[in-house]
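**Student:** Going down the list, the sequences are from chains A and B.
Heads up: the first sequence runs through residues 1 to 327, numbered per this note's numbering.
Heads up: the second sequence runs through residues 1 to 323, numbered per this note's numbering.
By construction, these hints were calculated from the structure, which means they are not laboratory data.
The hints are all genuine.
Within a straight-line C-alpha distance of at most 25 Å, the following computed SDA-like cross-link-like pairs (lysine to any residue) qualify:
| no. | chain 1 | residue 1 | chain 2 | residue 2 |
| --- | --- | --- | --- | --- |
| 1 | B | Lys-32 | A | Gly-129 |
| 2 | B | Lys-32 | B | Glu-211 |
| 3 | A | Lys-161 | B | Thr-67 |
| 4 | B | Lys-32 | B | Met-44 |
| 5 | B | Lys-32 | A | Ser-135 |
| 6 | B | Lys-32 | A | Ala-138 |
| 7 | B | Lys-32 | A | Trp-131 |
| 8 | A | Lys-161 | B | Gly-255 |
| 9 | A | Lys-161 | B | Pro-69 |
| 10 | A | Lys-229 | A | Asn-244 |
| 11 | A | Lys-161 | B | Glu-257 |
| 12 | B | Lys-32 | B | Leu-214 |
| 13 | A | Lys-161 | B | Gln-260 |
| 14 | B | Lys-32 | A | Thr-216 |
| 15 | B | Lys-32 | B | Val-104 |
| 16 | B | Lys-32 | A | Ile-142 |
| 17 | B | Lys-32 | A | Leu-136 |
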Amino acid sequence: MRFIIRRLGFYAVAAWFALTVNFFIPRALPGNAVQALMAKYQNLQPQAMKALEIQFGTGHQGSIFHQYYVYLGNMLSGNLGTSVSYSPASVVSVLRSTLPWTVALVGTATIIAFTLGTLLGIIAAWRRGGWLDRSLPAFTFIQATPYFFLALLLIELLSLKLHVFPFAGGFTLGDTPGWNWTFIGSALYHSILPATTIVVTSMAGWMLQMRNVMITTIGEDYVLAAQAKGLSPRRIMFTYAARNAILPNIAGFALAIGFVVAGALIMEFVFSYPGVGLTLYNAVVSDDYALIQGVFLVIAFAVLLACLLADIVYVIADPRARREAAY
Amino acid sequence: MAVAAVAPPVGGVTPAPVHRDGLIRSLPLKAKIGGVILGFYILMAILGSSIAPNNPSTQTATVLGATAPSLHHLLGTTSFGQDVLSQLLVSMGSTVELGLLVGVIATALAMVVGLTAGYLGGAADEGLSLLANVFLVLPALPLLIVVLAESGSHSALVPEAVVLSVLGWAWGARVIRAQTLTLRSRDFVAAARESGERTWRIIFCEILPNEVSLIAASFVGTVLYAILTSVVLAFIGVVSLSTWSLGTMLYWAQGQEAIQIGAWWWWIPPGVAAATLGMSLVLLNFGLDELGNPRLRDTRGRKRRGRKQRPSDPTPVVREASS
Chain A
1 MRFIIRRLGF YAVAAWFALT VNFFIPRALP GNAVQALMAK YQNLQPQAMK ALEIQFGTGH
61 QGSIFHQYYV YLGNMLSGNL GTSVSYSPAS VVSVLRSTLP WTVALVGTAT IIAFTLGTLL
121 GIIAAWRRGG WLDRSLPAFT FIQATPYFFL ALLLIELLSL KLHVFPFAGG FTLGDTPGWN
181 WTFIGSALYH SILPATTIVV TSMAGWMLQM RNVMITTIGE DYVLAAQAKG LSPRRIMFTY
241 AARNAILPNI AGFALAIGFV VAGALIMEFV FSYPGVGLTL YNAVVSDDYA LIQGVFLVIA
301 FAVLLACLLA DIVYVIADPR ARREAAY
Chain B
1 MAVAAVAPPV GGVTPAPVHR DGLIRSLPLK AKIGGVILGF YILMAILGSS IAPNNPSTQT
61 ATVLGATAPS LHHLLGTTSF GQDVLSQLLV SMGSTVELGL LVGVIATALA MVVGLTAGYL
121 GGAADEGLSL LANVFLVLPA LPLLIVVLAE SGSHSALVPE AVVLSVLGWA WGARVIRAQT
181 LTLRSRDFVA AARESGERTW RIIFCEILPN EVSLIAASFV GTVLYAILTS VVLAFIGVVS
241 LSTWSLGTML YWAQGQEAIQ IGAWWWWIPP GVAAATLGMS LVLLNFGLDE LGNPRLRDTR
301 GRKRRGRKQR PSDPTPVVRE ASS
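Make a model of the complete structure from these sequences and hints.
**Tutor:** What follows is the structure, encoded as structure tokens:
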């Protein structure tokens, strides 16, 4: 448990850091930039204007410490300010309607990609020099491709040329969101292409790492001993070699998730998928700073939560992390 | 030859290896391929704007509207009548330049933090490692978008390269710190300390030279991060759109619905260029990895000699027939 508590402490620091960065960025801007910004929103409703003033720390709001104190209080009570572009909706209500889309899509796709990538990495390392192992350079190409470019290619091929999948949106226009089969079916159908993009691009990284660690593990003495005992190759592959080689992959999950989420954001924009990424893009286009920052905070906290989950899985998978608690 | 203890030549920096011929020849094939592609793009970046047939921003086609590749315009034109090939040549320059600049700044930061934290240990290590881990765990792209969107990217108050560097040093610092930790307890460092060398001298003259290949790999990885991230940032339009880069090319193509009107010559070339540029860096890094970890080396040569390698075979640490 001590490991988890230590990690919890770390994530608390990271979360505080994210909140603090979020507080200082608008205040670090030169004054004239802020004025130009405020001038752009002359005809806003008073309460939105006030929200903007609070955010940029202009007007009369006391010392910076007082502002910081008020800001943290707002954040803890879930008050992320008012969105300018969706005015008068609050940032929280905008995010509440878009977050489920992203979590469902990115979460599922990431789990599929991780499982598939790890499995392929195991096979590539086991059959060293086999066709899968030799096709690794192709996976490198995918790994180095910007996510959105792959998404554009898929749209061109599968939507515009072959008309197999819709190229935009999260569900058929005209359907009302709800828990009925027509809607769920349409949502699933629309999610195939975006999900494929995430799976294909993020799978390569996990596959390559798994393969490289697995190759090192295969050379260990206990694998040789298992082989000498005459265990079946499948058992050696999974319960001896892969069982230990997967640990760095799980540990690396926490670091990789940020990249996956970042790629997914852009992907949402390309597919006009109604998630947080599209919200972020719209916010950037319409200079809706409260919403941009709200999206950043939500993504940051979601990533931290995913990392924490990965840590818990790691503790379950690696006895050494558990034993550490005994000391 | 034995496992290379000298650094591989990366980005043209060859730190005078002992067996120069042997080293270059013994570089893994992946590193060679990656190096050649990267070299091609660097050449393109240097010469690009001088050999570009047209001004990338002006309308040079006689007809307005996207036209397919022809002898006049080898890669066709955009719907503004601009020459795509010229855009590509000019864009490569700024994209590669940004990538290398961020690579240098971020790697320098990573070296300072990683070496200090690893060598000094104690509270300095705790603090710096915590900072690096926080930077690693926070999603960089949304943070970049926040910073760039709010700093008024249009007026370029904060140079993009600086922002990318500040958010891109953590990974390198972590790797360098880990390596420094293992080096600081070696005998030669203890000897240097006993003979009264100053701390900065031990760090930079004793420890640093032993980490050159690691730092090179971290540099290559950072350049890759910078290039891909800058392409993405330009694609969604949060950076200055007044200079041509691979990202801004894609931004305009997307904005003018190049895909929908079937103008593949407009958006495929910059995307493929970015992808192959990235791939060359990944391959280069694989090569560096293989230099450091001989177990990852290609075993195909061995296989061709008719012997199937089983997982339980002893790992070929040194390939005898490599000269």
